[in-house]
Amino acid sequence: MGVTWKNSGILILGLILAIFWIAAGQADDIGSLPMPRDKLYVEECGACHTAYAPGFLPARSWVRMMGELERHFGEDASLDEPQSLAIQRYLTDLAADSQNGTPFMRRLAASVPARAAPQRITETWFFAYMHDEVPASFWTRKKIGTKANCIACHPRANAGSYAEREVSIPPP
Amino acid sequence: MRNWIERSSVLLAALMALPALADTPAQILDNLTREARSQQASFSPSAGRGEQFYQAKQTGGGEAESCAACHTRDAKAAGQHVRTHKNIEPLAPVANRERFSDPAKVEKWFRRNCKEVLGRTCTPQEKADFAAYVISIR
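Protein sequence lines correspond, in order, to chains B and P.
Quick note: the first sequence uses my numbering, first residue 1, plus one each step.
Quick note: the second sequence uses my numbering, first residue 1001, plus one each step.
Treat the hints as calculated values from the structure; they're not laboratory data.
In this text, all values refer to a predicted model and were calculated from it rather than measured experimentally.
Note that beta-carbon positions come from the ideal geometry of N, C-alpha and C, so glycine has one too.
It is possible that part of the hints are untrue.
Pairs of lysine-lysine residues, derived as PhoX-like cross-links and limited to a Cα-Cα distance of at most 25 Å, are as follows [said to hold, decoys possible]:
#1 B:Lys-142 - P:Lys-1105
#2 P:Lys-1108 - B:Lys-39
#3 B:Lys-143 - P:Lys-1076
Ranges of calculated distance between the beta carbons of each label pair, as one might list FRET restraints [said to hold, decoys possible]:
#4 P:Ser-1046 - B:Glu-123: 33 to 41 Å
#5 B:Arg-71 - P:Thr-1072: 21 to 29 Å
#6 P:Arg-1073 - B:Val-42: 25 to 33 Å
#7 P:Asn-1087 - B:Arg-120: 19 to 27 Å
#8 B:Ala-110 - P:Asp-1102: 40 to 48 Å
When you get a sec, could you build the whole thing from the sequences and use the hints?
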């Protein structure tokens, strides 16, 4: 049983398959969600808060939110109609229950009761699940302040990236 | 030859359009002043009044009580949104060249933030004073 063409061929083929398998797994990484290509989304929504990935909520949540922009969490965030229509389309195109959903987004969509249209990402199950190791005192740090401030610890949140290796928690 | 003329005239037109893309803070202040004068001919913008307006605590608005609540008392410093805690780039053009370069953005943020802080729209005079103050910061 020496080194033969057959042995090495099987070994190399196995390695190539493993590489593809790992690469395909990365694509479904829950740390990465698709973002609208038009910079309008990050410019408008991201001016006041993290430009949350649309895949964090189902389309019905975004439709409700875009219909109530003049009373947006206690602020008037109204936009001109062409902009708000475009943004609503980007949000619903990439929503958790959209055709473009990753397996993670589909799981997320399935966890939201059919009649509910949650408005706060922090109130969905996965948020608590993903952050259960974060001590309560962290959230009140000056640079963080609120659980809605994703970008404080996830520097690439506006690009849809929430990978754990990128997390950088501001000191108190 | 004709083709060459066409191309260079397109290029020339594109170059001529360039300065129109970004206004200077001074041009934006001029426009705000003109608007204020159309209501009150004797008006002239005052950085001093603008500073008072910027720092003053207001009632009738939302959670942000003053311009300084988010933009900090020093408009050259980075601020923080009072509710979302998102970082806000400095407001003074001396510290952030993007400020007061796009009239549409200036109008949009006056509309939103006046409503948030004062619970009403700002008068043209208030806007011109505010701009005069923020632009005067060195």
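Okay, the hints, checked on the actual structure:
{"no.": "1", "hint": "B:Lys-142 - P:Lys-1105", "in the structure": "violated (28 Å)"}
{"no.": "2", "hint": "P:Lys-1108 - B:Lys-39", "in the structure": "holds (17 Å)"}
{"no.": "3", "hint": "B:Lys-143 - P:Lys-1076", "in the structure": "holds (18 Å)"}
{"no.": "4", "hint": "P:Ser-1046 - B:Glu-123: 33 to 41 Å", "in the structure": "violated (47 Å)"}
{"no.": "5", "hint": "B:Arg-71 - P:Thr-1072: 21 to 29 Å", "in the structure": "holds (27 Å)"}
{"no.": "6", "hint": "P:Arg-1073 - B:Val-42: 25 to 33 Å", "in the structure": "holds (29 Å)"}
{"no.": "7", "hint": "P:Asn-1087 - B:Arg-120: 19 to 27 Å", "in the structure": "holds (21 Å)"}
{"no.": "8", "hint": "B:Ala-110 - P:Asp-1102: 40 to 48 Å", "in the structure": "holds (43 Å)"}
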